[in-house]
Amino acid sequence: EAQVTQNPRYLITVTGKKLTVTCSQNMNHEYMSWYRQDPGLGLRQIYYSMNVEVTDKGDVPEGYKVSRKEKRNFPLILESPSPNQTSLYFCATASYEQYFGPGTRLTVT
Amino acid sequence: LAKTTQPISMDSYEGQEVNITCSHNNIATNDYITWYQQFPSQGPRFIIQGYKTKVTNEVASLFIPADRKSSTLSLPRVSLSDTAVYYCLVGLYNFNKFYFGSGTKLNVKP
Numbered sequence: 001e002a003q004v005t006q007n008p009r010y011l012i013t014v015t016g017k018k019l020t021v022t023c024s025q026n027m028n029h030e031y032m033s034w035y036r037q038d039p040g041l042g043l044r045q046i047y048y049s050m051n052v053e054v055t056d057k058g059d060v061p062e063g064y065k066v067s068r069k070e071k072r073n074f075p076l077i078l079e080s081p082s083p084n085q086t087s088l089y090f091c092a093t094a095s096y097e098q099y100f101g102p103g104t105r106l107t108v109t
Numbered sequence: 001l002a003k004t005t006q007p008i009s010m011d012s013y014e015g016q017e018v019n020i021t022c023s024h025n026n027i028a029t030n031d032y033i034t035w036y037q038q039f040p041s042q043g044p045r046f047i048i049q050g051y052k053t054k055v056t057n058e059v060a061s062l063f064i065p066a067d068r069k070s071s072t073l074s075l076p077r078v079s080l081s082d083t084a085v086y087y088c089l090v091g092l093y094n095f096n097k098f099y100f101g102s103g104t105k106l107n108v109k110p
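Protein chains in written order, with our numbering: chain A, 1 to 109; chain B, 1 to 110.
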């Protein structure tokens with residue numbers, strides 16, 4: 001079954017404590033992307049990766065890092081989380097259409 | 001990056017046809033138009049994609065006029081389970097940046 005998995009699904013953390021949200025896909029897609037979703041703002045793209053060698057910023061990359069060392073994984077890294085990064089995060093992969101993961105709800109206190 | 005404008009919300013009744021229009025005045029020549037559906041706390045799900053004229057699949061139709069500055073998603077005979085947020089996206093077929101916008105919240109009433 002084609003899947004995009006994210007871990008953790010829920011996370012409560014404190015300001016400044018580094019965290020990583022993992023994303024993995026089993027569809028052998030080149031393209032992967034991260035989005036955040038906030039009430040009233042819709043989905044906004046954080047970073048995307050065209051393939052293992054190429055990553056680039058989306059609309060809201062500040063405060064985030066990504067890593068694409070292998071095709072199936074695309075972790076999102078928050079080096080020093082702040083309360084304004086409290087959000088619902090989605091990872092996606094694509095060939096023709098985008099397939100989204102189940103989401104990670106992050107709360108930074 | 002082409003941005004999109006959609007109505008914030010729409011109401012409909014079960015069994016009706018619903019048409020949601022999206023404006024994308026700055027669409028580029030190589031951009032495709034894609035629509036997604038999202039239920040609360042779930043990731044968006046692909047509905048349909050097109051480049052021009054009309055595309056139809058088992059769940060929806062997509063109408064794109066010749067100037068491609070807008071598009072209309074048509075949902076035939078909606079049911080309560082079609083209550084969701086619908087997003088119109090414009091982007092390259094081979095993918096890079098995508099702008100989702102705020103979407104259209106469709107409320108289907110019995």
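Please note that the accuracy of each hint is not assured.
Calculated pairs, DSS-like style, for lysine-lysine (alpha carbon to alpha carbon, straight line, at most 27 Å) [what the hints assert, rightly or not]:
| hint | chain 1 | residue 1 | chain 2 | residue 2 |
| --- | --- | --- | --- | --- |
| 1 | A | LYS65 | A | LYS17 |
| 2 | B | LYS3 | B | LYS54 |
| 3 | B | LYS109 | B | LYS52 |
| 4 | A | LYS69 | B | LYS97 |
| 5 | A | LYS57 | A | LYS71 |
| 6 | A | LYS57 | B | LYS3 |
| 7 | A | LYS69 | A | LYS17 |
| 8 | B | LYS97 | A | LYS65 |
| 9 | A | LYS18 | A | LYS71 |
| 10 | B | LYS52 | B | LYS97 |
| 11 | B | LYS52 | B | LYS3 |
| 12 | B | LYS69 | B | LYS109 |
| 13 | B | LYS3 | A | LYS65 |
| 14 | A | LYS65 | A | LYS18 |
| 15 | A | LYS57 | A | LYS17 |
| 16 | A | LYS71 | B | LYS69 |
| 17 | B | LYS105 | B | LYS69 |
| 18 | B | LYS97 | A | LYS57 |
Keep in mind the hints are simulated off the structure, nothing from the lab.
query: Which earlier hints can't be squared with this structure?
result: 3, 12 and 16
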